[in-house]
Amino acid sequence: MIAETGLAALWLAAALALLQLILAFAGLKGGKPELLAAVRPAAVAQGVLTAIAFALLVTLFLRSDMSVLLVVTNSHSMKPWLYKFAGAWGNHEGSMLLWVTVMGMAGAAVALFERALRRDTHMATLGGQAAISLGFYAFLLFSSNPFARIDPAPADGQGLNPLLQDPGLAFHPPTLYLGYVGLSVAFSFAIGALLTRQVDAAFARAMRPWVLAAWVLLTLGITAGSYWAYYELGWGGWWFWDPVENASLMPWLAATALLHSVTVLATRDALRAWTIMLAVVAFSMSMVGTFLVRSGILTSVHAFAVDPTRGSFILALLALYIGGALALFGWRIGSVREGAPFELVSRETMLVVNNLLLTVILGLVLIGTLYPLMTEAFGHKVSVGAPYFDRIAGPIALALMVAMAAGPLTRWRKDRARLVGKRLLIPAAIALIVAISLSVFALGRIGILPFLGLVIALSVGVASLAPLWKRNLRRTPLFTYGMVIAHLGCAVSLAGMACDSAFTVEKLVAARPGDTIQTAGWTLHFRKIAPLAGDNWTALQADIDVSRGGGSVLIHPQSRFFASPPTTTSEAALLTRWNGQLYVVLGEEVEGGRWQLRVWWKPFVTLIWLGGVMIALGGAMALVGRERRGWLMKWRARKATEVAA
Amino acid sequence: MRKLLIWLPLVLFLGFIALFASGLFQPDDRIIHSRLVGQPLPAFSLPAAASDRPPLASAQLATGQPRLLNTFASWCVPCAAEAPQLEALQKAGAQIDGIAIRDARADVDAFLKRNGNPYARIGLDARSAVQIALGSSGVPETFIIDGKGRIAYQHIGDIRADDVPMILDRLRAAQ
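Chains as they are written, first to last, in this note's numbering: chain F, 309 to 953; chain W, 197 to 371.
Heads up, a few of these hints could be off.
Between beta-carbon pairs, the in silico distance windows are [as the list claims (entries may be wrong)]:
no., chain 1, residue 1, chain 2, residue 2, range
1, F, 840, W, 334, 34 to 40 Å
2, F, 841, W, 334, 51 to 57 Å
3, W, 302, F, 545, 54 to 60 Å
4, F, 703, W, 328, 48 to 54 Å
5, W, 365, F, 672, 42 to 48 Å
6, F, 858, W, 303, 53 to 59 Å
None of these hints come from the bench; they were simulated from the model.
Since we're looking at a predicted model, the values are computed, not measured.
Ideal Cβ positions, reconstructed from N, Cα and C, are used throughout, including at glycine.
Turn these sequences into a full structure, and let the hints steer you where they fit.
Structure below.
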C-alpha cells in the first residue's frame, strides 16, 4: 500500500505541475488574470505531495519492504537503520526522487515566501519551475520508478555499496542536492524575468536570497563530499577531479559568479544580460552534470546507474530546457535595456573580473571533463587527470584570489587606482614577507603552486579582513561580516590546500605487531592486529599507539569486509591535532606476518574543510543579514506611516 | 556584434548536445588500444626457455615474413586454454615465437609437454623486463610482428577460437 500511495502522490504532483504551468501562462498571456489565483496553491500542494512521496520511500527502506524492487537492490534487513535511511537516496531512482522533491519544495517555498518580486514575474517564475519539474516527473515516472514492485518478493535484499555505508551519506547527498537543484529557482527566475522583461535591480534583489541559499547548501555539500572522499576512500586525497566531482563544482562556480553579478545588478543596475545568462548556466550545469553521471558516457567512480535509455531521456530534457532557455534569452534579451555604465576603476569592474575568471575556470573544467568525449568522437581515446586541472585551473584560481582581495576594497561607481593600491599595502607587505621566508626555509622543497598558494592565502586572508578596518564594528551590517568571513574562508581553505601539497609526509612500511615506526615527529607503536565484528561487516583492526612527545593515543585503522555485496573497504584512522592530521591506513598482509601500513602526516589539512564551512557560514550570514534589513526597513516604513496618520 | 553574442550560447550548447548524442549512441568501446602498434619492437635478446627450442632475440623477428609473438607462462591458466588456438594458427601456416614470463625451464618443458608446442623459438623473460618494454600488462598476449620488426597488432588476453580467422587475416595484412 505504501508504495502505491507514493506512486499516486507522484502522479498527482506531476498533474499539478502541468496545471500550474497552464494556469500561469494562460493567466499571463491569455488575459485571464483570475486563473493566477490558483498558481501558488498548486505549487504548494506539489511541494507537499513530493515530500510525502519521498517520506514514503524512506519508510519502505526503514521497514525493509522486500516487495519493492529498489529496496531489494539497494538494502538489506541486517543493515543498521541509518544506512537503511540513507540507502533511500544512495541509488539512481531514489536520488531522482530526491531531485524532484527538492524541486517541488523549492517551488513551494517560492510560492509561499517570495514577496519582493513583481506579481507577473512571480507567476511566470512559478510557471517556469513547473515546466522544469514536469520533465523530471516524466523521467521519474516513465523510466525510473522508485516504487516498482517485485513479485515474488525475495527473502532479503542485495545490500548497499559498502563505500556508501558511512554516516556521510546521510548528510552529503541531500545537502548537495538542495544546492544543486535549488539553483533551479534561479533558472526559473531568469525565465520569469525574460518573459515579463523585468530585468532590473528590484528583480535582482528578489532573486539574490534564493541564489544565496542554494549556494550555501551547495558549498556545504561539496565540502562534506570532499571530506567524505578524503577519509573513506583511503587515498589521502581530498579532490580527485572525477567527472562527478566536477559535476558539482561547475554549478558552484557558475553560482559563485552569479552571486557576485546579481549583487552588481541589485546595487548598480548593471550586468543585466550577463546575470540572466549566469542564472541559466548555473542550473544548466546541474543538469549537464546529472546527465554526464547517469548516462554513463563518462567513466566515473560515482557512476551508479549506467543506462543509455535514461541517458537519452535526460539528453532530451537537457535539449528542451537549456536549449529553450537559451533561445528565450536570445529572443528576449535584445529588448532589455542596457544596464547602467560604470567606470574602469570601480567595484563593478572588480566583480566583472571575478566573473570572468570564474567563467574561465568553469570553461576549463568543462572542457577537461568533456575532452575524453570530444576526442572519442574523432576516434581517439584519452583520459584527463588531475595534473591538467591542477596546472590549468590552479593559476587562474590564484589570480581570482588576488582579485577577491582587491574587490571589497574598491568603491562602487568610481575609485582611484592609487587609493586602491594604498589599501592593499599591508597585504602586499605580508605577501612579500611570506615569500621571502618561504624562499629561505623551504626553497626547492615545495612546488611553485603551493608556494604561491601559501603567499596568496596569508596575504589575502589579511586583506579579506580589511573591509572591517576603521569601521564601527557594532554598526557594520551582518552581510558585510558575511562577505568578510566567506572571503576569509577562501583564504583559509587555500592555505590548507597549499600546506597539504607542500608539507605532507608519506610513509609506506611493512610492519609486524610489536614494531615501531617513526615519521614526521610521530612515533607509532604497532601493538596488535585482531578480528572484529560489526553490524553487517567483519574487520581486521590494528591497534596502534601514536605519540608525539607527550602521552600516547590508541588509534584503530581497519580493513573491513562486507558480506553483501562482498567488498573490502579500508577505514582510515584519523587523528586530528591543531596543526594537522595523522592519517593511517591498514593495507594487506605481506609475507611473514607483516602488514602494509600507510602513514601520512598532513599539516593543516583540516583548514581545507574549515574554510569551506566558513564560506558557507559567510553566505548564510549574508542571507540572514539582507533579509533582516529588508524586514527592518519595511517595519520602519510601516511605523512612519502610522505616525504620519 | 551584440546580436552575435546573444545567440552564441545557444550555438555552443547545440554543439555540446551533438557531442553528447554522439557519445551516447556510439557503440561502447572499452577495449584498451595499444600505443605500440606501428612502433618497432623493443630490442631484446633472451636465453632459451625450453630445452628443445632455440633462444629468441628481437632481430630474429624481422625476417621479411610476418610472425606471431606470444607471451605466456607455465603458471598461467588462460595460456593453457589458449594452446589449441595457437596449434590451429600454426597448422594454418603462422610462424609463432614465444616468450615465457617469470618462468623456469623445467616448468616450461612440462607445460609444453602437456599443452603442445607450436613455437619456433622461445625466450625466457625471467624478470618481466621484455614484457614491460612491450607495454604488455599480463599473460597471455599475442603480437603480430610485420616482416620489418614493427608491431602490427596487439591481442590482449587469450586468443579464442572465434579470434583465429581474424588473427590470420591480420597476419596476411601485415605482409
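_Between the beta carbons of residue 841 of chain F and residue 334 of chain W, is the distance compatible with 51 to 57 Å?_
Given range 51 to 57 Å: violated, Cβ gap about 36 Å.
*Distance restraint evaluation - residue 302 of chain W, residue 545 of chain F, Cβ atoms, bounds 54 to 60 Å*: Cβ of residue 302 of chain W to Cβ of residue 545 of chain F: about 46 Å, so the range 54 to 60 Å is violated.
*asked:* Against the range 34 to 40 Å, how does the distance between the Cβ atoms of residue 840 of chain F and residue 334 of chain W compare: consistent or not?
replied: Given a distance of about 35 Å, which is inside 34 to 40 Å, the answer is holds.
*Using the Cβ atoms, figure out if residue 365 of chain W sits within 42 to 48 Å of residue 672 of chain F.*
With a Cβ separation near 44 Å, residue 365 of chain W and residue 672 of chain F satisfy 42 to 48 Å, so the hint holds.
*Go ahead and decide if the range 53 to 59 Å is satisfied by the Cβ distance of residue 858 of chain F to residue 303 of chain W.*
holds, 57 Å
*Outcome for the supplied range 48 to 54 Å, where the beta carbon pair is residue 703 of chain F and residue 328 of chain W*: Since residue 703 of chain F and residue 328 of chain W have Cβ atoms about 36 Å apart, the given range 48 to 54 Å is violated.
In summary, the numbered hints that this structure violates are 2, 3 and 4.
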